[in-house]
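S.K.: Listed below are the residues making up each chain.
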Amino acid sequence: MIAHIRDTPLPQAGKAVGIQTIGMTMRFGSFTALDNVSIDVPAGTFHALLGENGAGKSTLVKCIMGFYHQTSGSLSVDGREVAVQSPRDAATYGLGMVYQQFTLVPSLTGAENLVINRTHVPAVINWAKERKDLAAFMERMPFKIALDRPVRELAAGEKQKLEIVKQLYLGRSFLILDEPTSVLTPAEADEMLGLVRGMTERGELTVLMISHKFHEVTKFTDAVTVLRRGKMAGGGLVKDLTTKDMAAMMIGDVKLAELDTRLPVPADAKPILVVSDIRAPDRTGLKMIDIGSLTVHAGEIVGIAGISGNGQKELAEVLAGQRPADAGSITVKGSLYGATRQETRINNVRFIPEEPLNNACAPKMTVTENLAFRTFDVKREGGDALWLDMKSMRKRAASLILDFKVKTASQSSPIASLSGGNVQRAVLARELTGDVDLLIVSNPCFGLDFSAVAEIRARIMKARNAGTAVLLLSEDLDELLEMSDRIMVMSDGKLVYETPALSADISVIGAHMAGHH
Amino acid sequence: MTIELNTPALPPLSVQSGSLRPILEWIARRAEPVVISLGAIFAGLALFSIFIAVVGKSPIDLFKLMYTGGFGSWFSIQNSLSRAAPLLLTALCVALPARLGLVIIGGEGAVVLGGVAAAAVALPLTATVSPIVLLTVMAVAGMITGGIWIGMAGLLRHCRGVNETIASLLMAYIAIALMNHFIEGPLRDPASLNKPSTAPLPADYMLGNIPGMDVNWGLVIGMVACIVSWILIEATSIGFAARIAGGNVRAAQIQGLPVGRLIVGFTALAGSFAGLAGMIEVAAVQGSANASLAAGYGYTGILVAFLARHNPLAIIPVAVLLGGIDASGGLIQRRMGLPDATVLVLQGTLFVVILLCETLYGRFRIFNPDLWKMPAVKGRTA
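Protein sequence lines, in the order shown, are assigned to chains A and B. Sequential numbering of the first sequence, starting at 9, is according to my numbering. Sequential numbering of the second sequence, starting at 31, is according to my numbering.
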């Protein structure tokens, strides 16, 4: 440990600080979220923090940043023990954090965003002087960003860089990056992480990065700490570890579900979903999504790639009947489809939207009730049911819970009390039971842990092999490459590129995602 | 193309011999709204006591009087029940849309228009049909009018995205203006001098009292409406669909549920109950439509519905309680020299406290069996 103790709590700009946690423990009531975790991030290193959902990663960084006050344990900055009571305290020690979601004001320019975030902003801002100072500051930055443009005009990668620049401008020299590449194309992610890596190598910055992506960890970081169920599960220098070692530390000795072998798509597979010339306004109402032609055959998975916000969400909403289309037609198995309950039932269409708790469940209703959404209004022998059959509802739910390994305290718990993975399992149980001819899935694995992800992918692949046509919209390219038969790229509301998944070139897909076509 | 659901033999899920836990769980999950609502009422009464003490009166005397005035004698109980009757129906006007996630607060409009419509159809028919036919026609007219009125708020919400709370509230003012127009203009009985009214119903055409009580049939009609509404919501697939839409409209859409039809249907049904309250007010109490229809039943109904947490069955006791508070108003005024509005202060205090107590849900471990430290029942999770 370098015993560099500063005289003043404010760090000099451009000089990395290191941190250490000793025996960090955080309890919420009887639940221990973080159990005696000690990590050491020396100044000028790039450190990765790995772990599944709920492993305690965000609890740890929230303790470091002063959002939480740890039950026991301590934090040292540059070898000196410090008491961080609030994020403001953390800032005085030079600790900063970049969140997954952007925190910039979209209507303001980059320069304005930087200046207004300072602790002391003068009542009247002398912009001429500020711009000169900013230009001098940007000289020292490896990132080149146009600071005179409104933030909303910047691409996601540029916004992410601006978030980092903001932290550096505010004098932070230890940064926590929370899954910084989740909204970036592969090329943008590589560039951004490369620049950050450069800064750590020059000793200007220390970085602790929360990540899910092994290839980023192995390519850019020096050392890694793995958490599992709130405890230190392992760690070390990245050069001494393989991806397999890290995965083993993350999940322990859990056996992951394996994907079934992909059966070939028969040459005469019938088209199940045919979308032609759909036009619909997007969320902002300013842009249109415009899908010329999209066909999904029985027994194939068509993946839609794209950076978040390029119209995938709107396409899924149009297909699910949540957003009216201005023009065009959707046919399922040859007949026009308007997403009514009747049509959905006759054609065996199922949806698994992203963030299932917010999009596919009624959070306060019980697990039993949520599992009955698809069947509550049909009699067991067919026909519309007016009266609810609570007994068979409970029985059916019990068997689905067992079959899909949904972990819940009880059947009558509100579904919101389940963990993310179990909500997703419950939704899968509801949607993948019975005949399924068309399955429309959005980001099914977003924010889920390894074993849940593996299981969900296995279920989807099983459905595909059984002859279901699957449309998979995902922001995770690795997932698309693993699952899809064909990949299409969506950019700016249009489908701009199509490739068979087997011969797909990730850099070509990335270029199309970024709008170069 | 079937994905097999292999169903292994199920372990017993609900019945655990020798274990009280399932029963305790059942009680705990249902106790939360009861305990919190009662707590809210007591907290509201405590706050109100401070108010009474500040104006120099004894809260204890006041509560004694409230009890005497509301429930102390057979006379006062009947008085309370009479006042509760219209609240049952106007509370349903709030509670039913609330199950769909809509906040309708303009039931007053449906009450007055329902009353006017009932009086209007009664005029030409009196003396040509029997009382039972006339009352039925009046009830249908009141319900249709009220249903259209509140259904419009639902339609605006569904088709144009107009906020149903504001729309229904503002429409209540329009409704009251329309009522004034009709009872002072086209429908006015020339004999009504000081208080413009429609022509009074002959005494033998009025909706009478429940045998043995000095309470009109409106109480029974209101209770039946509450029970029917409860069955609709809890036991039918229509009610289940509405609960899904109310719980998460996006989930309802993705299931292909007819959200628009549910919204319009439930608001129309809600409005028809409020319209029925107006009809009963005309047919059983006033004998004609006049400005007394706008007595605030629609607004007190909001309080009742929220206190009952939009559960139609719970509306019955809550309406009786508020009817009792209302009934004691006169006594408080006479005996304690407090203004009549004192009861309104109490209602307002209760309403604010109830809204504040909404934030307490889910905060008490005892009501959440999932957090109990007892060992979980085995076999529930795989």
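Hints in this document: simulated from the structure, not taken from any laboratory. Here the structure is a predicted model, which means the values were calculated and not measured. The beta carbon of each residue, even a glycine, is placed where N, CA and C say it ideally should be. Accuracy of the hints is not assured; some may be wrong.
As the list claims (entries may be wrong) - Far from chain A, some chain B residues (derived; all Cβ distances over 12 Å): (1) PHE101; (2) GLN108; (3) ILE162; (4) ALA171; (5) GLU264; (6) GLY277; (7) VAL279; (8) LEU287; (9) PRO369; (10) VAL375; (11) TYR391; (12) ASN398.
As the list claims (entries may be wrong) - Residues from chain B shown here face chain A by an in silico Cβ test under 10 Å; the list is partial: (13) TRP56; (14) ARG59; (15) ALA61; (16) ALA282; (17) GLN285; (18) ALA321; (19) LEU385; (20) THR389; (21) LEU390; (22) ARG393.
S.K.: Looking at the structure, which of the earlier hints fail to hold?
M.R.: 5, 6, 7, 8, 11, 12, 15, 18, 19, 20, 21, 22
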